[in-house]
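Protein chains in written order, with the working numbering: chain A, 66 to 409; chain B, 66 to 409; chain C, 66 to 409.
Treat the hints with care, as some may be off.
Unchecked claim - Derived DEER-like restraints, expressed as beta-carbon distance ranges:
(1) B/P365 - C/G99: 28 to 38 Å
(2) C/Q254 - B/E364: 46 to 56 Å
(3) B/A109 - A/S164: 29 to 39 Å
(4) A/D143 - C/G179: 21 to 31 Å
(5) B/P131 - A/D376: 32 to 42 Å
(6) C/K177 - A/D376: 50 to 60 Å
(7) B/S164 - A/D376: 47 to 57 Å
(8) C/G83 - B/P174: 40 to 50 Å
(9) B/P365 - A/S405: 21 to 31 Å
(10) B/H378 - C/G101: 44 to 54 Å
(11) A/D256 - C/S164: 31 to 41 Å
Stated by the list, open to error - Some chain C residues flagged as far from chain A (calculated, every beta-carbon gap over 12 Å):
(12) E67
(13) L87
(14) E97
(15) Q130
(16) R294
(17) G349
(18) D376
These are calculated hints, taken from the structure and not from any lab test. All figures in this text were calculated on a predicted structure; none of them were measured in a lab. Each residue gets a CB set at the ideal place from its N, CA and C atoms; glycine is no exception.
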Amino acid sequence: MEITVKDLASLLNGTIEGDPDLRLTRPGKIEEGGAGVITFLGNAKYEPYLYTTSASAVLVNRNFQPKSPIQATLIRVDDVYACIALLLEKFGAPAPKSSGIHPQSIIHPSAKLGQNISIGPLTIIEEDVEIGDNVYIEAQVFIGRGSKIGADCRFLVGVKILHECSIGDRCLFHPGVVIGADGFGFAPQEDGSYKKINQIGTVVVEDDVEIGANSTVDRASIGSTILRRGVKLDNLVQIAHNVEIGENTVIAAQVGIAGSSKIGKNCQIGGQVAVAGHLKVADGTRVQGKSGVASNVKEPNQALFGYPAIDYHQFIRAHTIFKQLPELAKRLHELEKRLSKNED
Amino acid sequence: MEITVKDLASLLNGTIEGDPDLRLTRPGKIEEGGAGVITFLGNAKYEPYLYTTSASAVLVNRNFQPKSPIQATLIRVDDVYACIALLLEKFGAPAPKSSGIHPQSIIHPSAKLGQNISIGPLTIIEEDVEIGDNVYIEAQVFIGRGSKIGADCRFLVGVKILHECSIGDRCLFHPGVVIGADGFGFAPQEDGSYKKINQIGTVVVEDDVEIGANSTVDRASIGSTILRRGVKLDNLVQIAHNVEIGENTVIAAQVGIAGSSKIGKNCQIGGQVAVAGHLKVADGTRVQGKSGVASNVKEPNQALFGYPAIDYHQFIRAHTIFKQLPELAKRLHELEKRLSKNED
Amino acid sequence: MEITVKDLASLLNGTIEGDPDLRLTRPGKIEEGGAGVITFLGNAKYEPYLYTTSASAVLVNRNFQPKSPIQATLIRVDDVYACIALLLEKFGAPAPKSSGIHPQSIIHPSAKLGQNISIGPLTIIEEDVEIGDNVYIEAQVFIGRGSKIGADCRFLVGVKILHECSIGDRCLFHPGVVIGADGFGFAPQEDGSYKKINQIGTVVVEDDVEIGANSTVDRASIGSTILRRGVKLDNLVQIAHNVEIGENTVIAAQVGIAGSSKIGKNCQIGGQVAVAGHLKVADGTRVQGKSGVASNVKEPNQALFGYPAIDYHQFIRAHTIFKQLPELAKRLHELEKRLSKNED
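Taking the hints into account, I'd like the entire structure generated from these sequences.
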């Protein structure tokens, strides 16, 4: 794949500062550069590299003001990140082609397979599974009895979808994902032991959901655990039974959402966050990484931080004083001494 | 499966308020209801749904006092959660039946298999493994050489039990569980590198243990990592080498127990908790989710919270003041000014 | 394996206090002891067991001063932990022998395999993979197209290495490890949905790296995610796209390193730590378990604690006061009352 600066700028609706005829052969990092490399300035932390990069061309935002001279040709665009997505699509590996059904897969005769399906070796499809068109299933995958898969999904190596789950269209599950394991439910017994509560519900994943490697989404005890359209989960995320995640909510790695909590639409949940069970979190909530949400979030579009999580700015201010606590305690002690002296 | 209110109430030792002849066809959620649905009121947060649910019947606790009229038939029972467990057993899918040994499993001739065993496709059983009666092993499982498995266990798809581990009766391991990987042990060398310390111990899991999807239990360096009878681990839990978890201790998702720590009996450990290495945690300890236990817990039946974890109520009180720290600092500053003024 | 105290002491360059002719048959724990057992005193917490152990011999540090009489024979050595590593090597199971290529593995004809390679059953090696000499690959492993594996590696059951990754010599990956899944990158769209940013980079793992069970290392969006020589990752660790981990850095279980962060050499990162994205962490940094690093760490060899992480000792002092906050607030209130009274 090769493209000129001029053609790329036209594609991205960008304006050129520099040589429009340069040939671009691959995307690269701004700090590594190289001839033929098209790179980008997204995060302002990387701006110093802009003035020294040996890349041929750099995508920058339309209104970017350089502080020093730049060797590379600039392409100014409305939204650098949106353009990177396009760029990586152009230069990325082509989507995998259907290679048909591998002879060493194990597919139950009752399974209904759509058109143009690819199934890798050592993959198991159980009875009464239904799979839509253009689905690409890699090696060593497992899809349990009665599960329904939409069209254009990709399940990478070792994905495990247990029985009776429902997956929408265009979902992408990374290696080791487990969908539909039992929720964690036990009834305490008088002797201190626990009796398992059967988990007879299911998991519903709507369209355009991506789930990262080794993440787990448990089946409901009764009813469904639900990931709404456009949800994105990173790696090693835990979604407990009866949870519902709203449309286009993005959840970073190692987050845990405890049982029966409902997360709204368009939320952004940072890495290692925990949300306690039976909570409602309003639409548009942003939770700073590593925070713990321990109560309902009623007002939408708030930013939260800390454990238990409070308002983002309130946390920052409180933590600033936290660091000075020993000094504060000392000042308090001084005051007490002075006041006692005065009172004498 | 269908049962009348009368028959179900009799089964659960409950009393009926409403129509004893209604036919119940499936368990459901109180907020979703539906004709034929038997549901329950467990958590008080869901009480508002009780007055509007279209479910046919609802399990409530014996002494529950409704605040408004209720359409549904009530069945009053001693312990709603215990009854749900029974209910889901009745309505749940029947326990999987032995389907025998799948011809595409790979079983070493030296393995000793009990009666009525089911082994799924692409599962591997290595040399000298012993498996008790009525064990149900799904697809793509691995059981390493010399491991001993008790009776009535269920290992779901992709479980990996490495060599020389010992598993009791009636254990249930969910997909992707790894038992017996090496503990994390290294001897620092003079050049800054690390030399691996061989992990020659094993893992012992006693009876009635359930382990959630993608959780990991490491083998001991020397001796055994031990999960005692009735332990329940949720998903993505990490149990390090030489840890011992006491009887009937319940551990929620994404918890990590560091090397050589001993957790007592009947503990309840919330999600994402960490316990540092070489600690002893007394019986009956309850640790609030996301807390970090950094020292021994000597007295039993305490509740802990925070990081490093302290007494639950002490933490709640301290965190209340934490949120007000900026105001506190301001008041301190005011006092200093006033006092200085007075002193002048 | 059997060795006399005399021979072992000579091997470890140790001095003997007690019977040099005792025969040692296996390593064991100091609290369990037993005839023929060679054990060790590493962590001072276990010293009480030293005076009661029934083990035959105990390794102690050269300068250790016992507080009571000891029955067991002592072997004094320069570094107990280094000696344990040696000891467990001597007594441990022999390294697994090559068993050749299992007939039920699936190996693409274009793959290039070195000498003396072992490949287990149901393992898949895709096209254009290259594997060095003496590599030991267990069952149910997956190595994707174009990946290059050095010599003397061990990949245990169910390891998944996706396409175009590069692994050095003597690496050990535990069960369920996923190398090269897509990084978590999305461009927000105007309608609130997210467009996937293709991840066209790769993962480079240098020599002598060990990765724990079910850990995940994502491929870079552009360029490479890099684990330098001698890095050790424990279980359930998440390494995001474009991260770089420096030489001989050790990372405990359930840690998450967010995208594009660079961790220096010889760092020690405790369990459940999070490092935010786009940060630089200096060489020799030690981060206490469960801390959250939220800003660059510029000075090497610092110890950090808390969330957001601050200097270790500053955190300890601040946390000491944190616990007393309710009392502090009360004292402040008292002062205000007293001062107001004085001012009247």
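| Hint check against the structure, violated hint numbers in rising order | 3, 4, 9, 11 and 18
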